[in-house]
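Enquirer: The listed protein sequences correspond, in order, to chains B and A. All letters in the first sequence, in the order written, are residues 1 to 275 by full-length UniProt numbering. All letters in the second sequence, in the order written, are residues 1 to 176 by full-length UniProt numbering.
What the hints contain is simulated information worked out from the structure, not anything from laboratory work. Certain hints may be false.
[Said to hold, decoys possible] Partner residues aside, some chain A positions facing chain B, computed with beta carbon under 10 Å:
hint, residue
1, Thr10
2, Pro24
3, Gln49
4, Val54
5, Ser61
6, Lys63
7, Leu66
8, Glu121
9, Ala124
10, Thr127
11, Asn141
The beta carbon of each residue, even a glycine, is placed where N, CA and C say it ideally should be.
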Amino acid sequence: MILTDFDYARAASLEEALTLLAGTDGARVLAGGQSLLPGLRTGAEKARLLIDVRHLAQLRGVGQDGGELRIGALTTLAELAADPLVRAGAPELAAAARANGDPQVRNLGTVGGNLAATERPTDLPVAAIAAGARAELAGPGGTRTAPAEELAASGVPAGEVLTALLVPAAGAAAAFEKTADRATRYPVCAAAVRITPDGPRIAVTGATPRALRLRGVEDRLRGGPYTTTAVLAAFRAEPRELFVPGRGTSAEYLGHLAGVLTARALARAAAHSSA
Amino acid sequence: MDLTPAPTLTLHVNGRPEEFAARPSELLVERLRDGLGLTGTKVGCDTGQCGTCVVRLDGRSVKSCLVLTASAAGSEVTTIEGVSERGGELTGLQEALRQEHGTQCGFCTPGMVMALGELVENTAAGTAPTEPEIREWLTGNLCRCTGYHSVVRGVQRACAAPADPAVTAVPAAEGR
Ligand SMILES: Cc1cc2nc3c(=O)[nH]c(=O)nc-3n(C[C@H](O)[C@H](O)[C@H](O)COP(=O)(O)OP(=O)(O)OC[C@H]3O[C@@H](n4cnc5c(N)ncnc54)[C@H](O)[C@@H]3O)c2cc1C
Ligand code: FES
Ligand code: FES
Numbered sequence: 001m002i003l004t005d006f007d008y009a010r011a012a013s014l015e016e017a018l019t020l021l022a023g024t025d026g027a028r029v030l031a032g033g034q035s036l037l038p039g040l041r042t043g044a045e046k047a048r049l050l051i052d053v054r055h056l057a058q059l060r061g062v063g064q065d066g067g068e069l070r071i072g073a074l075t076t077l078a079e080l081a082a083d084p085l086v087r088a089g090a091p092e093l094a095a096a097a098r099a100n101g102d103p104q105v106r107n108l109g110t111v112g113g114n115l116a117a118t119e120r121p122t123d124l125p126v127a128a129i130a131a132g133a134r135a136e137l138a139g140p141g142g143t144r145t146a147p148a149e150e151l152a153a154s155g156v157p158a159g160e161v162l163t164a165l166l167v168p169a170a171g172a173a174a175a176f177e178k179t180a181d182r183a184t185r186y187p188v189c190a191a192a193v194r195i196t197p198d199g200p201r202i203a204v205t206g207a208t209p210r211a212l213r214l215r216g217v218e219d220r221l222r223g224g225p226y227t228t229t230a231v232l233a234a235f236r237a238e239p240r241e242l243f244v245p246g247r248g249t250s251a252e253y254l255g256h257l258a259g260v261l262t263a264r265a266l267a268r269a270a271a272h273s274s275a
Numbered sequence: 001m002d003l004t005p006a007p008t009l010t011l012h013v014n015g016r017p018e019e020f021a022a023r024p025s026e027l028l029v030e031r032l033r034d035g036l037g038l039t040g041t042k043v044g045c046d047t048g049q050c051g052t053c054v055v056r057l058d059g060r061s062v063k064s065c066l067v068l069t070a071s072a073a074g075s076e077v078t079t080i081e082g083v084s085e086r087g088g089e090l091t092g093l094q095e096a097l098r099q100e101h102g103t104q105c106g107f108c109t110p111g112m113v114m115a116l117g118e119l120v121e122n123t124a125a126g127t128a129p130t131e132p133e134i135r136e137w138l139t140g141n142l143c144r145c146t147g148y149h150s151v152v153r154g155v156q157r158a159c160a161a162p163a164d165p166a167v168t169a170v171p172a173a174e175g176r
């Protein structure tokens, strides 16, 4: 039972959702509810109006336009994990979606919600960063795109709705690795990599305060080979403050874990690499 | 704050239309148990951790403590009371779980059956999911009694021998 009261409105269109969002103090977007509803239940989250966008079919589904995948923000994690276009063109995203929670959470949890949730580190942001994806955001002033890295840094700005994730579909040489918290399934640490002609793109979360692209590690590893020894050395050269202690985990442990997961991901990605 | 008066909503529960007024913050599990008296759906945690509240929403297994009634309005909901096509008879999955002792105190069982039903339905006839696949599918269902081994065997039995008269529906009275 949720002990606080709020209003509920089912948006009939994106425009209606934006109008309601702009016009109401304490209005929040409700997608799958798999973060927001437990948050409201425990009191960690507050809302005066929930604007339900889950039924907006035009924001759901995966399409391909040339070399780019367009993933609607209301696509569920289960749909993302199973989608043939995503599995072929952005396997790190499919794997991150599959690693999420459990089948029931994946049946309702959405791409947009996983990218926008801030209460704990989630799985999709690292995969989106490694993939070089951009988020499409609609707001009162129209639609714009922002790099996934920027979204991870600053979150979805008030008044805006995430409408899609735009992903370069060139990523056969990509992988995602995660060590899940045994009780909650959220990542203790997750790493995603994509090997591009310009070198590897590497992102880590859980071990770091938020999903981060690790350019220093990328530079040290450019040209390969991606041996475990080389990857761990590249992580040890990062400033110690990069890694923050978690629940029962020291910064030193998390820094090492991030290196190990990245090494595994790079080994798997390199096996598919022609770069 | 003045809230909008509780609107009238419709849910299709176990094939029957139900009309009622619900406050906006009402969770689907509250409507099912307290509003409609369908107490087969249990509440273990109320925060999405335990899986004993799992129902099918438009065919997909979901945790009914993580769905607003208002957001489910207009949808088809199936609860444990509605899984059997002929009331009172066990489904093949339920009977297979019974035969493998896949239930002890039974508190997790409705959620297990509702979650596993989706896995079994999506498994091609004549094949069975592997043990790791079944265990992965059970990530969201906590059981403090069975240790899961017997549940895994129950799923394999239900999938491997769907035409076996021993695991197809039998009247509940005989099934005990
Ligand atoms: C038992 C359990 C286990 C979980 N395990 C994991 C895990 O292993 N890894 C993991 O990453 N997550 C995990 N989660 C979290 C879950 O994956 C996320 O909650 C889910 O993906 C979020 O999507 P949603 O659609 O449910 O978002 P909601 O809960 O509806 O929303 C989450 C937040 O995002 C905002 N939002 C949603 N959609 C949009 C949009 N389109 N535009 C702007 N803002 C938006 C909402 O306002 C809210 O602040 C778990 C959750 C549960 C209950
Ligand atoms: S009561 Fe819903 S998951 Fe525990
Ligand atoms: S049978 Fe007792 S909790 Fe599963």
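Enquirer: Hint by hint, say whether it matches the structure.
Expert: Against the structure, the hints come out as follows:
no.: 1; hint: Thr10; result: violated, 13 Å
no.: 2; hint: Pro24; result: holds, 4 Å
no.: 3; hint: Gln49; result: holds, 8 Å
no.: 4; hint: Val54; result: holds, 6 Å
no.: 5; hint: Ser61; result: holds, 5 Å
no.: 6; hint: Lys63; result: holds, 5 Å
no.: 7; hint: Leu66; result: holds, 5 Å
no.: 8; hint: Glu121; result: violated, 13 Å
no.: 9; hint: Ala124; result: violated, 15 Å
no.: 10; hint: Thr127; result: violated, 18 Å
no.: 11; hint: Asn141; result: holds, 8 Å
In summary, the numbered hints that this structure violates are 1, 8, 9, 10.
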